[in-house]
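A.B. asks: Read off the chains here:
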Amino acid sequence: MLIRLVEHIDLNEAFAYLNSPMAGAVNFFIGTVRNQTKGKEVLHLDFEAYDAMALTQMEKLANIAMHRWPLVGVAVIHAIGAKRPGTPVVLIGVSSAHREASFEACRFLIDELKKSVPIWKKEYFEDNSVWVNAHP
Amino acid sequence: MLIRLVEHIDLNEAFAYLNSPMAGAVNFFIGTVRNQTKGKEVLHLDFEAYDAMALTQMEKLANIAMHRWPLVGVAVIHAIGAKRPGTPVVLIGVSSAHREASFEACRFLIDELKKSVPIWKKEYFEDNSVWVNAHP
Amino acid sequence: MNVLLFGITRDITGQSRLTVPADAGINTVAGLKDWLGVHYPGFKQLKSLAIAVDNEYANDEDAIGPAQEIALIPPVSGG
Amino acid sequence: MNVLLFGITRDITGQSRLTVPADAGINTVAGLKDWLGVHYPGFKQLKSLAIAVDNEYANDEDAIGPAQEIALIPPVSGG
Chain A
487 MLIRLVEHID LNEAFAYLNS PMAGAVNFFI GTVRNQTKGK EVLHLDFEAY DAMALTQMEK
547 LANIAMHRWP LVGVAVIHAI GAKRPGTPVV LIGVSSAHRE ASFEACRFLI DELKKSVPIW
607 KKEYFEDNSV WVNAHP
Chain B
487 MLIRLVEHID LNEAFAYLNS PMAGAVNFFI GTVRNQTKGK EVLHLDFEAY DAMALTQMEK
547 LANIAMHRWP LVGVAVIHAI GAKRPGTPVV LIGVSSAHRE ASFEACRFLI DELKKSVPIW
607 KKEYFEDNSV WVNAHP
Chain C
446 MNVLLFGITR DITGQSRLTV PADAGINTVA GLKDWLGVHY PGFKQLKSLA IAVDNEYAND
506 EDAIGPAQEI ALIPPVSGG
Chain D
446 MNVLLFGITR DITGQSRLTV PADAGINTVA GLKDWLGVHY PGFKQLKSLA IAVDNEYAND
506 EDAIGPAQEI ALIPPVSGG
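Chains as they are written, first to last, in the numbering used here: chain A, 487 to 622; chain B, 487 to 622; chain C, 446 to 524; chain D, 446 to 524.
Because the hints were derived from the structure by calculation, they are not lab data.
A few of these clues could be false.
What the hints assert, rightly or not - Covered stretches of chain C, as calculated for chain B (at least 3 residues, CB under 8 Å):
1) 469 to 482
2) 499 to 507
Said to hold, decoys possible - Take a look, some chain A residues computed to stay more than 10 Å from chain D by CB distance:
3) M487
4) R490
5) I495
6) M508
7) Q522
8) M552
9) T573
10) A583
11) H584
12) N614
Note that the structure is a prediction, hence the values are computed from the model and not measured.
C-beta: ideal position from N, C-alpha, C; glycine also.
Looking at chain A on its own, in the form it has when it is part of the complex (with noise of 0.2 Å):
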């Protein structure tokens, strides 16, 4: 499994990872930067990990998937610090024999990412800054 917390993410770095002649398909989910949020535009965000959690919890969710799904391999990414928007701030990769676990545990991974692992993005725009999802 290939988890990391990153500056820049690397595409072609996780493909060669996830790529094996075991393996008949590779699902990737890329989370990139918006431009607006609500219509108002993102000049551009922060994000911030509770890092040694943040590992542990994204490793964990691997092992689920690798559990759930015969995978060949798994690969979460998250990237850390200023991003403008266009840039990649989360990569999840998953290779498998075949194209619908690879498609499941993709999807899996990037919903339970979001809702458990400790990072925060707070956007910035002309006017204010806002720590993303913190008020109801």
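Let chain A serve as the given structure and place chains B, C and D on it in line with the hints.
C.D. replies: Chains B, C and D in isolation, oriented as in the chain A frame:
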């Protein structure tokens, strides 16, 4: 839309095409050559396409996906020629504002491509070769 | 009328395209399928055999003629 | 007992870690939550506030002490 038959699949080129400040999600499916079929070792594969019709059908599927889901970009790329195990032979890439659409459209496109796009795979084993799927 | 061949249909016929003689009087997809079945019994072993006309899948009742690009599409296996 | 802070909890407290005095007598997650609510009313405005103990989400009844790594986890927003 990026619709191509190519010698080699370039993941970075596809990501550069799909990535956009308007998109928050990119989903990729990459199909690769497996080293076995029903337990028999595959030495290499050969992909042949009816080029003009394959491109027409790939574009038609991409258009259906663009109408069915709110997508930012679609890439449908298939490799042709001789390929070794571990080589990417098909890439579907979909970008959208939110992840549901990118996952669903990507899955739709690979499922439909396998059903209707006129591309044929011949598997070469130690002792023979077989056009995949030709006979009942 | 020329018919393009791909994949296993080239192996079955030993050719990369067929020429259907004008005096065979074929003017529909169904007519072409019948003619093929008579001349190339190996096609009947296939899981399916579709006909494409000008890069689209054609129906049995569709008219065909020498001005169109006609191709045999054995079961596809891309991806 | 030290408590690590992240995201909006740093903005609310103006600190990157809190020190809970030993004489506060806190030895469970629930006790820590009560103490935080009294001293930092801003936490009550949050959608949620979890406590992590040694890199795992903890339950209210879990015991905590100065030997463990304790952190406040406001609503996450990664991905």
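A.B. asks: Would you mind marking each hint as holding or not holding in the structure?
C.D. replies: Checked hints:
1. 469 to 482: violated (count 0)
2. 499 to 507: Answer holds; 3 residues pass the 8 Å Cβ test.
3. M487: holds, 17 Å
4. R490: holds, 13 Å
5. I495: At about 12 Å from chain D, I495/A clears the 10 Å cut-off, so the statement holds.
6. M508: At roughly 28 Å from the nearest Cβ of chain D, M508/A sits farther out than 10 Å, so the non-interface label holds.
7. Q522: For Q522/A, whose nearest Cβ neighbour in chain D is about 16 Å away, the distance exceeds 10 Å, so it holds.
8. M552: holds, 19 Å
9. T573: holds, 14 Å
10. A583: At about 27 Å from chain D, A583/A clears the 10 Å cut-off, so the statement holds.
11. H584: At roughly 26 Å from the nearest Cβ of chain D, H584/A sits farther out than 10 Å, so the non-interface label holds.
12. N614: holds, 12 Å
Checked against the numbered hints given earlier, the structure breaks only hint 1 and satisfies all the rest.
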